[in-house]
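With chain Y held as given, fit chains L and P onto it using these hints.
Line order of the protein sequences matches chains Y, L and P. Residue 394 is where the first sequence starts when you use this note's numbering, and the numbers rise one by one after that. Residue 12 is where the second sequence starts when you use this note's numbering, and the numbers rise one by one after that. Residue -16 is where the third sequence starts when you use this note's numbering, and the numbers rise one by one after that.
Since the hints were made in silico from the structure, they are not lab data. Predicted, not measured: the structure shown is a model, and the values here were computed from it. Here a beta-carbon is modelled for each residue, glycine too, at the ideal position from N, C-alpha and C.
Some chain L residues flagged as far from chain Y (calculated, every beta-carbon gap over 12 Å):
#: 1; residue: R210
#: 2; residue: M287
#: 3; residue: A308
#: 4; residue: S313
Straight-line Cα separation of at most 27 Å, DSS-like style, residue types lysine-lysine; simulated pairs:
#: 5; chain 1: P; residue 1: K163; chain 2: L; residue 2: K58
#: 6; chain 1: L; residue 1: K62; chain 2: P; residue 2: K89
#: 7; chain 1: L; residue 1: K62; chain 2: P; residue 2: K260
#: 8; chain 1: Y; residue 1: K744; chain 2: Y; residue 2: K758
#: 9; chain 1: P; residue 1: K168; chain 2: P; residue 2: K232
#: 10; chain 1: L; residue 1: K62; chain 2: P; residue 2: K168
#: 11; chain 1: Y; residue 1: K418; chain 2: P; residue 2: K281
#: 12; chain 1: P; residue 1: K165; chain 2: L; residue 2: K58
#: 13; chain 1: Y; residue 1: K744; chain 2: Y; residue 2: K846
What follows is the residue order along each chain.
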Amino acid sequence: MAQIIDMPKLSDTMTVGTLVKWLKKEGDPVKTGDILAEVETDKATMELESFFDGTLLKIFSPEGSQVPIGVALCAVGKPGETVEAPKPPAGSSGTGDSPVGSGGMADPAMSSEHGRAACAPQPAEPPKPDAASDAPAAPAPVPATPPKPQTEAPRIPNERIRISPLARKFAREKGIDYTRLQGSGRGGRIVRADIIAAAENPSLLAPASTAPTAAGGPSSSAFRAPHSAFSTGPIQEERTVVVGNMRATIARRLLEAKTTIPHFYLDIEVDAEPLLVLRQQLNAALEKQGVKLSVNDFILKASAEALRRVPAVNASWEGTQIRYFGGAHVSFAVAIEDGLITPVIRDAHNKSVFQISAEAKTLGKRAKEKKLAPAEFTGGTFCVSNLGMMGITKFNPIINPPNSAILGVGTTVTKPVVKNGQIVIGQTMGLTLSCDHRVVDGALGAQYLAALKQLLEAPALLLV
Amino acid sequence: MPLITYREALRHAMAEELTRDENVVILGEEVGQFHGAYKVTEGLLEKFGPKRIVDTPISEAGFIGLGVGASMLGVRPVMELMFWSFYSVAFDQILNNAANIRYMSGGQINCPIVIRGPANGGTNVGATHSHTPENILAHHPGVKVVVPSTPYDAKGLLKSAIRDNDPVFVLENTILYGLEGEVPSEEYLIPLGHADVKRAGTDLTIVTYGRPVIQSLAAAQQLQQEHNLSVEIVDLRTIRPLDIDTVLASVRKTHRVLIVEEQRPFCGVGAQLAYMIQNEAFDELDAPIQRLGTVDAPAIYSPPAEIEQLPNSQRILKAALATMGS
Amino acid sequence: MSKKSTDKTAAAAKKTTSAAKTGGANAAPAAAPKPAASGPNPSHSSPVNTALSADEKVELYRKLVRIRRFEERSLRAYQAKKIGGFLHLYIGQEAVAVGCCSLMGKDDHVITAYRDHGHAIAVGMDTKALMAELYGKVTGCSKGKGGSMHYFDPARNFWGGHGIVGGQVPLGAGLAYALKYKGLKGAAMAFMGDGAVNQGAVHEAYNLASLWSLPVVFVIENNGYSMGTSQARSSAGELATRAAGYDMKWEIIDGHDLYDVRAKMEPLLRRAREESKPALVEIMTYRYRGHSVADPDKTYRSKTEIEDYQRTKDPINLFRAILQSEGALTDELIEKIDTEARSEADFAADFAEASPFPTPEDIQKDVYWEADNPSQRTSGGRLFFN
Chain Y
394 MAQIIDMPKL SDTMTVGTLV KWLKKEGDPV KTGDILAEVE TDKATMELES
444 FFDGTLLKIF SPEGSQVPIG VALCAVGKPG ETVEAPKPPA GSSGTGDSPV
494 GSGGMADPAM SSEHGRAACA PQPAEPPKPD AASDAPAAPA PVPATPPKPQ
544 TEAPRIPNER IRISPLARKF AREKGIDYTR LQGSGRGGRI VRADIIAAAE
594 NPSLLAPAST APTAAGGPSS SAFRAPHSAF STGPIQEERT VVVGNMRATI
644 ARRLLEAKTT IPHFYLDIEV DAEPLLVLRQ QLNAALEKQG VKLSVNDFIL
694 KASAEALRRV PAVNASWEGT QIRYFGGAHV SFAVAIEDGL ITPVIRDAHN
744 KSVFQISAEA KTLGKRAKEK KLAPAEFTGG TFCVSNLGMM GITKFNPIIN
794 PPNSAILGVG TTVTKPVVKN GQIVIGQTMG LTLSCDHRVV DGALGAQYLA
844 ALKQLLEAPA LLLV
Chain L
12 MPLITYREAL RHAMAEELTR DENVVILGEE VGQFHGAYKV TEGLLEKFGP
62 KRIVDTPISE AGFIGLGVGA SMLGVRPVME LMFWSFYSVA FDQILNNAAN
112 IRYMSGGQIN CPIVIRGPAN GGTNVGATHS HTPENILAHH PGVKVVVPST
162 PYDAKGLLKS AIRDNDPVFV LENTILYGLE GEVPSEEYLI PLGHADVKRA
212 GTDLTIVTYG RPVIQSLAAA QQLQQEHNLS VEIVDLRTIR PLDIDTVLAS
262 VRKTHRVLIV EEQRPFCGVG AQLAYMIQNE AFDELDAPIQ RLGTVDAPAI
312 YSPPAEIEQL PNSQRILKAA LATMGS
Chain P
-16 MSKKSTDKTA AAAKKTTSAA KTGGANAAPA AAPKPAASGP NPSHSSPVNT
34 ALSADEKVEL YRKLVRIRRF EERSLRAYQA KKIGGFLHLY IGQEAVAVGC
84 CSLMGKDDHV ITAYRDHGHA IAVGMDTKAL MAELYGKVTG CSKGKGGSMH
134 YFDPARNFWG GHGIVGGQVP LGAGLAYALK YKGLKGAAMA FMGDGAVNQG
184 AVHEAYNLAS LWSLPVVFVI ENNGYSMGTS QARSSAGELA TRAAGYDMKW
234 EIIDGHDLYD VRAKMEPLLR RAREESKPAL VEIMTYRYRG HSVADPDKTY
284 RSKTEIEDYQ RTKDPINLFR AILQSEGALT DELIEKIDTE ARSEADFAAD
334 FAEASPFPTP EDIQKDVYWE ADNPSQRTSG GRLFFN
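Excised from the complex, chain Y in its bound form (with noise of 0.2 Å):
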């Protein structure tokens, strides 16, 4: 069995290192001891040395490419020995702050499992957005008519009224409309004393406005009526939640993906009609065979066939070079409970749309179910985000590094088309390609879409 050999630690704040030379080449010999390359890190240039005995098989990462600590570099193994080529990076983990040993766990495991945890599986490569999506927000709620001073001192409308601490609680206490005093302290801040006075001395206190107000008039409250007309109470009882390990791993890979990927959106048009018909006959003729096609099972059927067809899109950004992937591993945006998970058909390129279809459902039941193993979920190449279900009819998903484009499907429209100079009612579905511009130009990412729209309106072309 090949050992592989992955970018060492080779300094207490390493996180990346930078293959300056290899000093064996593919087929050499290879023993303990031996020192494979030079590595050059943040401190100094240092030597990959061999844990092992054997022969250097396989070079992964070429002289000049930076690689982080964990990313396979080289397989020492026997001679002639097959060896597997790595899994693409499953996201950098080389932050000073994950802790050490996040080879074995996931970084947030430390946070809030005390580590503790560190064994039990946690979203390594997690969650993409779906829900997460940064289809355009809906604006902030406004209340309606903003709230007004019930009262008001012959002071500054508006002006901070400069109060200590104890004074404002003195005046809650003894039901003190504090706006309508002049304090006695220094830059004229009301002080306990102050309170005390205009309680035994009411005439101490400033009329109060006779400008009628929301609620009606003064209140011999000095204080706001807590409930407005318009309110029968909170929404929701305020509080704060501790952010679970799922959010902050979404909340970080999202963050860092939105600002660090130069993303672009290209939208097309399907025309989904005979999609819909050929699910319907396929799902009547298999029946029996407990065979249930989802529109959602022929998208990631044709994403991947399009990737064959467009193949430059199954890529990924690696700063100094861009990775080509021989496979398309598919993974799709599960929502679960908390958040989301991105499963993965793993070389969806050879699978039917049934294989697909089975896959998928076993898949996202795991996921509801948060029993997926790091393999499920991570290695994917492209992804795909459908919200059609929710009735959303277009959005600009976020992309899930390291991929370099995810497709956003939106809901089938039925609608007033044209269709051979007849305007006809149709039925259409929206599709958002997001790109990686370092990897997938304009041109590129539009190529993708008009294979994938040529593969779901002539939806056959899927089943052969």
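Same frame as chain Y, now just chains L and P:
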């Protein structure tokens, strides 16, 4: 009750503990044959002999490190620093070794050492000999810091410090060495971490420790007579552990606070106190918390100027009036 | 100006890199280490060595190998990101700790600096707890609070594991002071590197030990470099002979030869115990790895130099050859010891991996004796702040 000096109170504390526990040993520069640079240990050599009262060379890092090592094996060294100002040449031994060894060993090793000596200005010895490092010491978890203001407190606290299983640093005051106070002849201990209300009052709380306690008491008397102000004085006595509850109880009574310390303001003990008071008694405050400390410069030599650089009863009086007017 | 001085420094570095050791050795009579084969070595026939049974010799050899395999395994773990911070390896110096600590009786004490793995294993600490400490786990010898530089085991008279260069040396004098003060038997060994000898605290400790006749042997492990600066570039004069200024006995020892370490340390340690007199030894040794594993290793010495030491002076190879010639070690046994040492190291790593991390609640434990023993607490007030 007999009247004895602060110096004698410290000496009595050490003598009693030397008698009580054979593991107690006094080490320091000039503590034996010379009778102590400030005569605190005078007579101890004659009484306890050279094994228990040990003159060291001028070698603070060496002998304090030696004391730390000896304490790991159960000796209870009471080390005199001729001035706490010299802690800087032994900083690594005091704050890397003594403060951390229990922690770094996962609780396997204790360091029951006492380091004591004067830490004060006001005697015109210039910037190098006038440090008051209680804030710097107390910044380090693992250590305890004691600053007694009276003979009674000095004796009771030093005895507790010597019996303590953690490192305890006792910061004394050369100006207070001659101060007389009532000290019972029977044995007593004052547990660390208990503040003492040195004067009860209703209008203003002065939180202080060390020599400014004495100065604040004088100011309080004048404030009562001339301004009809009733001032409560809380003497912290121990900086770490900190008896903040006694401080907060006083704040709830008077609602105004002045912190007085022989410390430069930046990152001083008063900064921590002010934070804790506002955090835990915000609604009790009728005015911003005020601080009076050493004027922010190295200790000046010039005698009249140094009086004005340090807290004194007139500066405290003015600061108290300002706190009442704010 | 700055360019000129840089050039000068570089030139000096070049010159001294290869000469760092021999410069010291020429002037020091007993220093030049010779392989055992070159002739009868009086140390080898010293009573402390001839008294060893074959089994005892094998156990000494086993300790050397266990230390090396443990550290090699820890390096792998470090590179796999299992270990934080620094990792200062002792590889190449094993005969010093094993030789010295093999002379310890139950009343003797040890303290050392941050390159402490060898001493910890030499005094008998469990490698599982040591590896777990590197991994930052609660099962570590310091509960994951000390790390590589801060191993402790007072039950085995091992007082650390100290991070600041030279800072532990006065503590070592203090251990000796406590022995003398309490009238206990035994002596203390205070280890330091050659980089510590110019720290003031070290000289203060020398002075106090000699002034007060403390039972301590100061041990300089001279591996030639204080981090990346050769002895010639950092220390004026000789290291061991500085003891003369403090009226202290001194000795220079070949640290590649375990028998020499034992032969020359034993009388000094015995003298410390019996006569309460301090001594200073300088043990010539060599480390194969960087100052810490994160530090560059080519800027100040040549690869050839390292390889020469590995080839001709490796303490494990030398001792193995001696034991083979004495008939105490067979090829079969050598293989067995090595295999067992490797499995022990792997087992320690597995144990460390499987152990839990400290919790946030653990952070504030072991700070104050009083806080950890609340029923016996006498003080009031807050010990911790936020």
